[in-house]
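Engineer: Now for the letters of each chain:
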Amino acid sequence: MSDSKHTKGPKDPRAADSLSPELRRGALVLAILSRLDGEEHYGYSLRESLAAAGLVIQEGTLYPLLRRLESQGLLDSRWELAGNRPRRYYRVSAAGRKALITLRGEWQDLVEVMARLTGE
Amino acid sequence: MELIERYVMEVGRHLPRRLRKDVTRELRSTLEDSLEGRAAASDDEAATVAMLREFGKPEDIAASYRTGPRYLIGPDLYPSFINTVKIAALVIVGLLALGSVFSTFDGPWSWSRVGHIWLELFSDVQSTLFSLLGLIVLIFAVVERFRSADATGDAEETEWDPSTLPPLQDPDRIDRTGIIAWLAIATALLVLLNFLPDKFQIVATINGKGVHIPMLGPTFAQVLPALNFCLLASLVMDALVLWAGRWRPWLRLGDLIVTVLWAALLYRMVFGDPLLEQEVRWLVDHGMAQANAQRYTDNVAPIMHFGVRLGLAIGLASTVISALKKTYKLVRR
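If you're matching them up, the sequences are chains A and B in order.
Take 1 as the starting number for the first sequence in our numbering and just add one per residue.
Take 1 as the starting number for the second sequence in our numbering and just add one per residue.
A hint or two may mislead.
Pairs of lysine to any residue residues, derived as SDA-like cross-links and limited to a Cα-Cα distance of at most 20 Å, are as follows [as the list claims (entries may be wrong)]:
(1) B:Lys21 with A:Arg68
(2) B:Lys21 with A:Glu80
(3) B:Lys326 with B:Ile314
(4) B:Lys57 with A:Leu65
(5) B:Lys21 with A:Pro86
(6) B:Lys21 with A:Leu81
(7) B:Lys57 with A:Gln58
(8) B:Lys326 with B:Ile179
(9) A:Lys98 with A:Val29
(10) B:Lys21 with A:Pro64
Some chain A residues judged to face chain B by a derived CB distance under 8 Å, without partners named [stated by the list, open to error]:
(11) Gly43
(12) Tyr44
(13) Glu48
(14) Gln58
(15) Glu59
(16) Tyr63
(17) Pro64
(18) Arg67
(19) Arg68
(20) Ser71
(21) Arg85
(22) Pro86
(23) Arg87
(24) Arg88
Residues on chain B that point at chain A, a partial pick, calculated with CB under 8 Å [stated by the list, open to error]:
(25) Glu26
(26) Ser29
(27) Asp33
(28) Gly37
(29) Gly56
(30) Ile61
The hints are simulated quantities; they were obtained by calculation from the structure and are not laboratory data.
For every residue, glycine included, the Cβ atom is placed at its ideal position computed from N, Cα and C.
Can you build the whole structure from these sequences, using the hints too?
Structural biologist: What follows is the structure, encoded as structure tokens:
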């Protein structure tokens, strides 16, 4: 005989609001590597490109993440002067391309698993 | 533009020097692009304020750029740090309080004298604890720094083997091997100290020659009765534990009492007269040449005394910690 009563935790109406960014944060690296594979972007143009595809990233999140990916060897960068404004252009490195292939495969698996779990 | 420049400068202030120039250069350019993208003029303060709000506080942005160690003491080491502070604080307070107890009864009784002793205790505890806490924080911070530096270059984790988990422990199980070993040591000490004291010698090099110096002088003879008592109490206690086969509450209480007796004896030996103090005349009476005896007393003995005190102090600290652990176990059971 099982106890069907479930203890109820404290209700937090903001829980979904805080969980949604966490869900999206997990996909950011794949999104950035995908967009920079074969294309060069500077920070702002990358953000606009991702937003046009439906993924809005906070500026305070994107730019440090680009630096971190570069320090991990997944991105290469170069400076270029646009008028009198220096811009740092990023693109995927060879190591980043390998990571991208791996992440794409894992993403496909995850999509299938989540489709089964969420009943879609 | 001034607001953007103030923002960039503030972010730069929170960045390490090696990142500052590069990051601020990129950040400035990004902010200008972002402002243009909002179709706002560079002097549109409202738009600039809205944009900077979305970026976030300068210190938060700077923190997200930093890739090095972020903790003085990280989450892995924090529990050990807290335990170390607790144990160290207990030992210090215990030792100082023990000293105050001895001082209280070591002299004529008067409330003002006793009050002064215990007020001094609070002052000593405060200053000692702060110094100790600083030292412990420094040690753990250094360990954390080296752990972080080591982890940065090591991307692969070694596989964890469940068979290396420690075995289940019976809290009342006795350590037979340890008890028997201590019985043997205690018995040997009792025999040697009381019937063969001349066997305790040190060899010092004086004038290029090895000289045998008997260690157990008159000062040591003063603590020998108490030492014998503690050794006998330990022997009786350990024999009872072996006979019972398991720890019982009354055995734990007896063991605790014996441990406290040892702590009191060690305290006496650490803070009392030097155990190895030997007068020149005593050394000469035991066969040493006058000149050698003088040289030993002047040059070698101070070093020996310090070493003995240090060793006894370590023993005392260990015994106090042991007493505290036994108290905890006794209370829990």
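Engineer: With reference to the structure, classify each hint as holding or not holding.
Structural biologist: Against the structure, the hints come out as follows:
1. B:Lys21 with A:Arg68: It holds: about 16 Å lies between the C-alpha atoms, which stays within 20 Å.
2. B:Lys21 with A:Glu80: The hint holds at about 16 Å.
3. B:Lys326 with B:Ile314: holds (18 Å)
4. B:Lys57 with A:Leu65: holds (17 Å)
5. B:Lys21 with A:Pro86: holds (13 Å)
6. B:Lys21 with A:Leu81: The hint holds at about 16 Å.
7. B:Lys57 with A:Gln58: Roughly 13 Å separates the two Cα atoms, so the pair holds.
8. B:Lys326 with B:Ile179: Measuring from Cα to Cα gives roughly 16 Å; hence the hint holds.
9. A:Lys98 with A:Val29: Judged against 20 Å, a Cα distance of about 13 Å means the pair holds.
10. B:Lys21 with A:Pro64: OK: Lys21 of chain B and Pro64 of chain A at ~15 Å, within 20 Å.
11. Gly43: Holds: closest Cβ of chain B sits about 5 Å from Gly43 of chain A, inside 8 Å.
12. Tyr44: holds (4 Å)
13. Glu48: For Glu48 of chain A, the interface hint holds, since the closest Cβ of chain B sits about 7 Å away, which is under 8 Å.
14. Gln58: Since chain B brings a Cβ to about 7 Å from Gln58 of chain A, closer than 8 Å, the hint holds.
15. Glu59: Holds, about 5 Å.
16. Tyr63: Holds, about 6 Å.
17. Pro64: At about 4 Å, which falls below the 8 Å cut-off, the nearest Cβ of chain B leaves the hint on Pro64 of chain A intact, so it holds.
18. Arg67: With Cβ-Cβ at 6 Å, under 8 Å, it holds.
19. Arg68: Because about 6 Å separates Arg68 of chain A from the closest Cβ in chain B, which is inside the 8 Å limit, the hint holds.
20. Ser71: Constraint on Ser71 of chain A satisfied, holds at 6 Å.
21. Arg85: Holds, about 5 Å.
22. Pro86: The hint holds - Pro86 of chain A has a Cβ within 8 Å of chain B, the shortest such distance being about 5 Å.
23. Arg87: Holds, because the Cβ-Cβ distance from Arg87 of chain A to chain B comes to roughly 6 Å (cut-off 8 Å).
24. Arg88: Since chain B brings a Cβ to about 5 Å from Arg88 of chain A, closer than 8 Å, the hint holds.
25. Glu26: Since the shortest Cβ distance to chain A is 5 Å, the answer is holds.
26. Ser29: Holds. Min distance 5 Å.
27. Asp33: holds (4 Å)
28. Gly37: Constraint on Gly37 of chain B satisfied, holds at 6 Å.
29. Gly56: Hint on Gly56 of chain B: holds, closest Cβ of chain A at ~4 Å, below 8 Å.
30. Ile61: This interface hint holds because 6 Å falls under the 8 Å limit.
Of the numbered hints listed earlier, not one is contradicted by the structure.
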